[in-house]
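**Student:** Chain by chain, the residues:
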Amino acid sequence: MSEPILKVSNIETYYGPIMAIRGVSFEVAEGSIVTILGANGAGKTTVLKTVSGVMDPQKGTVVFQGREIQRMDPDKVMRLGMSHVPEGREVFPFLSVRENLRMGAYIRKDPDGVAQDLEAVFGYFPVLKERADQRAGSLSGGEQQMLSISRALMARPKMMLLDEPSLGLSPKLVKDIFDIIVRINRERGVTILLVEQNANMALNTADYGYVLEVGRIVMADTCARLREKEDIKEFYLGIKEEGARGTRRWKKKKTWR
Amino acid sequence: MNGLAVGCIYGLVALGFVLIYKATELVNFAQGDLLMLGAFIAYMAVVLWGLDYWVGLVIAVLVMAVFGALLDAVILRRVIGQPQFAVVMLTIGLGAMFRTFASVTWGSEIYTLPTPFSAKVTTLGGVTISHEYVSIIVGTMILCAVLYTFFTHTRLGVAMQAASQNQLAAYYMGIPVKLIFSLIWAISAGVAAVAGILLAPVSLIDINIGFIGLKAFAAAVLGGFGSIPGALTGGIIIGLIELYSGAWLPEGFKDVSAYVVLLLMLAVRPQGLFGALGRKKV
Ligand SMILES: Nc1ncnc2c1ncn2[C@@H]1O[C@H](COP(=O)(O)OP(=O)(O)O)[C@@H](O)[C@H]1O
Ligand SMILES: [Mg+2]
Chain A
125 MSEPILKVSN IETYYGPIMA IRGVSFEVAE GSIVTILGAN GAGKTTVLKT VSGVMDPQKG
185 TVVFQGREIQ RMDPDKVMRL GMSHVPEGRE VFPFLSVREN LRMGAYIRKD PDGVAQDLEA
245 VFGYFPVLKE RADQRAGSLS GGEQQMLSIS RALMARPKMM LLDEPSLGLS PKLVKDIFDI
305 IVRINRERGV TILLVEQNAN MALNTADYGY VLEVGRIVMA DTCARLREKE DIKEFYLGIK
365 EEGARGTRRW KKKKTWR
Chain B
2 MNGLAVGCIY GLVALGFVLI YKATELVNFA QGDLLMLGAF IAYMAVVLWG LDYWVGLVIA
62 VLVMAVFGAL LDAVILRRVI GQPQFAVVML TIGLGAMFRT FASVTWGSEI YTLPTPFSAK
122 VTTLGGVTIS HEYVSIIVGT MILCAVLYTF FTHTRLGVAM QAASQNQLAA YYMGIPVKLI
182 FSLIWAISAG VAAVAGILLA PVSLIDINIG FIGLKAFAAA VLGGFGSIPG ALTGGIIIGL
242 IELYSGAWLP EGFKDVSAYV VLLLMLAVRP QGLFGALGRK KV
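Residue numbers (the working numbering), protein chains in the order written: chain A, 125 to 381; chain B, 2 to 283.
FYI, nobody ran anything at the bench for these hints, they're computed from the structure. Please read all numbers here as calculations on a predicted model, not as lab measurements. Careful: at least some of the hints might be erroneous.
Calculated lysine-lysine pairs in the DSSO-like style (CA-CA distance at most 27 Å, straight line) [to be verified]:
1. A:K253 - A:K299
2. A:K233 - A:K253
3. B:K255 - A:K233
4. A:K183 - A:K282
5. B:K121 - A:K200
6. A:K282 - B:K255
7. A:K253 - A:K183
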């Protein structure tokens, strides 16, 4: 097997004295979609921030395309070809949709390629073209999510980190957005690391999955097999089966959508 | 006309406050003293070294821009995240240091900067117009047009807006946020220098000229602290109110009128004239 595009080994990340990530390791194969599932507060956002350089791990390594990046600033990591679509979209509210997208291409020096990619993202999300000259802050939540994904795509990344793209969106919109995520992966060859609470959607979209619990990876398998596991069914997919009650391995309280 | 011109100066200094505040959430109380330094540098270039007025202007703006960027890179970048009062004290202290530096370097005399507009008038249909005041108004208009074009039509300018609106997202776009903030400091200090030089023909230069910053601060608050058109409008309003209260109200009202208006404004409409409803993250 070839080297994974991203290899995270034993990272520990703190908020002050609080250890949020307790020795997490995972890999993402080039060209694949990998998901990390976890309930609210499991540490999904912290993992992504550690990978993209917003936070530095106290211990452990993050290797992207053969380079150690765990101490790099986020703008540097981004220049290596990794785009982070943050939780809560984080658009530039007073810039127009088009300006937001242009900022996504800030690091690029090929105006023709940028213009092409602008058309490409308008192809994925036609509503953004209609609203191109509107302020991003005036868009709906779903439209802002589309903008946030598109803006990341404008950098022509090799890999995208997506932090709960389904958060706060209607099921129909979630489905649309996940369809586009798959297209981005297939058509543009962008490797995707997706963290989600929406296990159903994520497991149906991704190739490989990890389950994160209170800062630790507790399970890793192909998504096809994860979908069949009793614990996953019960805690993340909300399917209760007789007999599962006694074999619970994790703490009881879970949230899922 | 005079009120409008003085208001323009307040507006320019207020603009410096607002640019820095929008980017870094830091109120730079040394803004007025940057104006003072700019005026002194122009004075040195024009009077002591005998350079042309326009050359002196360019030198003063460039020197102050570099100075502003260094101020950010060396000192203020380190205090971001510290309690607001500590940062405020720091900028007030920096302002006092600049005044001390100026009084040691240039003494506490009062200087005049000769300009192409000094003491010239044009009579138009019976109305006498002084070039000094017109130069301030026209200079402000040109500067604002240049800044507006820069911020809305250049990649760097839009990136400055982006970094001011959402710092974290700007990082995610690969925008070098720290450098951008230093450049915003450079612009603010450069604008302050222009304001100092524009002001020079109508007000003599001394080390306390920077106290104009307090009125400019009132102007920035009046305009909704965070709004650039608001800063300029606030400046002009305060300039006009000062003029009229100086003319019609008893002695002494002129200097407090700006603050009276500010207090009324804060009571009636606390978010200021152009108060933005948007939020700011991180
Ligand atoms: N800014 C912060 N300061 C302190 N603790 C935090 C901060 N952000 C997150 N945490 C804690 O770190 C843990 C992981 O949070 P996070 O990565 O946001 O989880 P998730 O994205 O899976 O919901 C949580 O226990 C949370 O309370
Ligand atoms: Mg999260």
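**Student:** If a hint holds in the structure, say so; if it does not, say that too.
**Tutor:** Hints, one by one, checked against the model:
Taken as a hint, the A:K253 and A:K299 pair is honoured in the structure, with Cα atoms around 20 Å apart against an allowance of 27 Å. Distance restraint check for A:K233 and A:K253: the Cα-Cα separation of roughly 23 Å lies within the 27 Å cut-off, and the hinted pair is therefore satisfied. Among the hinted pairs, B:K255 with A:K233 is inconsistent with the structure: their alpha-carbon atoms are about 54 Å apart, more than 27 Å. This hinted pair checks out: A:K183 and A:K282 have alpha carbons roughly 26 Å apart, not beyond 27 Å.
Taking the CA atoms of B:K121 and A:K200, the gap is about 55 Å. The hint is violated against a cut of 27 Å. For the proposed pair A:K282 and B:K255, the alpha carbon gap of about 63 Å is over 27 Å, so the pair is violated. Restraint check for A:K253 and A:K183: not satisfied, since their Cα atoms lie roughly 44 Å apart, outside the 27 Å limit.
Hints 3, 5, 6 and 7 from the list above are not met by this structure, while the remaining hints are.
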